[in-house]
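Asks: Heads up: the sequence shown begins at 1 in the working numbering, then just goes up one per residue.
Please keep in mind that the hints were generated in silico from the structure rather than gathered at the bench.
Remember, it's a predicted structure, so these values are computed and weren't measured experimentally.
Mixed in with the good hints, there may be bad ones.
30 Å max Cα-Cα, derived DSS-like pairs, lysine-lysine [to be verified]:
| hint | residue 1 | residue 2 |
| --- | --- | --- |
| 1 | Lys-181 | Lys-253 |
| 2 | Lys-297 | Lys-47 |
| 3 | Lys-199 | Lys-214 |
| 4 | Lys-221 | Lys-115 |
| 5 | Lys-297 | Lys-308 |
| 6 | Lys-177 | Lys-253 |
| 7 | Lys-115 | Lys-214 |
| 8 | Lys-47 | Lys-146 |
| 9 | Lys-274 | Lys-297 |
| 10 | Lys-64 | Lys-274 |
| 11 | Lys-129 | Lys-308 |
Derived Cβ-Cβ restraints for the label pairs, each shown as a range [claimed, not checked]:
| hint | residue 1 | residue 2 | range |
| --- | --- | --- | --- |
| 12 | Ser-153 | Glu-72 | 35 to 45 Å |
| 13 | Ala-200 | Ser-223 | 13 to 23 Å |
| 14 | Leu-236 | Leu-13 | 54 to 64 Å |
Here a beta-carbon is modelled for each residue, glycine too, at the ideal position from N, C-alpha and C.
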Amino acid sequence: MERSPKMQNLPPLNGFRAFVSVANHMSFSAAAKELSISRSGVSHHIKALEVFFGFQLFHRHVNKITLTIEGEKMLPSIVKAFELITDVVDEITKDSGDISIHMTSSFAISWMMPKFFNFEAGYPKINVKISEGPESHIENKYYDLKIIYSESSMEIPPLIEEWMIPVCSPSYFNSNKISLKRFSENRLLLNSRNGMDWKAWSKFVNIDGDGFDKHVSNAMKLSTDSSAIEMAISGLGIALANLNYVTSELTNKTLVPALSVTPFLVGAHYLDYKKHLVSGATLSLIKWLQLEGGKSKEYIIEYTMALKKISNI
């Protein structure tokens, strides 16, 4: 297919991308970070555009830059053109493509995998490459999507929150008199070596601090949430579990709440990605994850409301 005469009179698209990014940030350095190129590379693209058109796009001041009149006139049309291109590409590619995503092992095993067959059924031509492990493993590696756990709030909305409750098998529950007053008599299953979640939970429910901390230090130490949950299912003790990780187990009664206590919030999982690099296929996965995250939020609300009704009886 031959290019139209008008297209032959245009510079490469990368120059326009650099122009839009610099104009959005009013910074060559910020544009360089967004586009993953050097600052000099951005400057080269802008200079090439200015030479091509025969006029400046930016006024360079000592500590800032501003758009020229020509730059202000050109920017809206270029932004609209990129939006049209993006919309067409997204529509074409939304049902196919390769996506890489990283998450912790427990998130993958306990939340992602049980639901993922639904996504695969709806998007059979999208190949999702899931990487799982500690978040320290993702340094200096690129993934289309990252699911990051944080105990403090981030600037982006959470995908799912970690609401914790103590759970055990029905057999363990029936064989032990579990109460807050005698809770330290039970075998605790830790999801980490330091048992920080258990220690924080004990303060939340007003269990004796020093005595409980000593009990935690002698508890069975496991490396992940999913390991602690599996041990609890086997009847070996009480795990402090993320409600979102044990939805099915609580429904089918392989696990039961060890105590009727309000869920305890410890943190959240966040979906992180670079918006300007999102493909149509990636956007399909993002929307699916957000939909499933919404369902998890609804489950937490329903569980908490049911618990309040029981407490009021």
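Asks: Hint compliance check: list the failing hint numbers for this structure, sorted ascending.
Replies: 2, 7, 8 and 11
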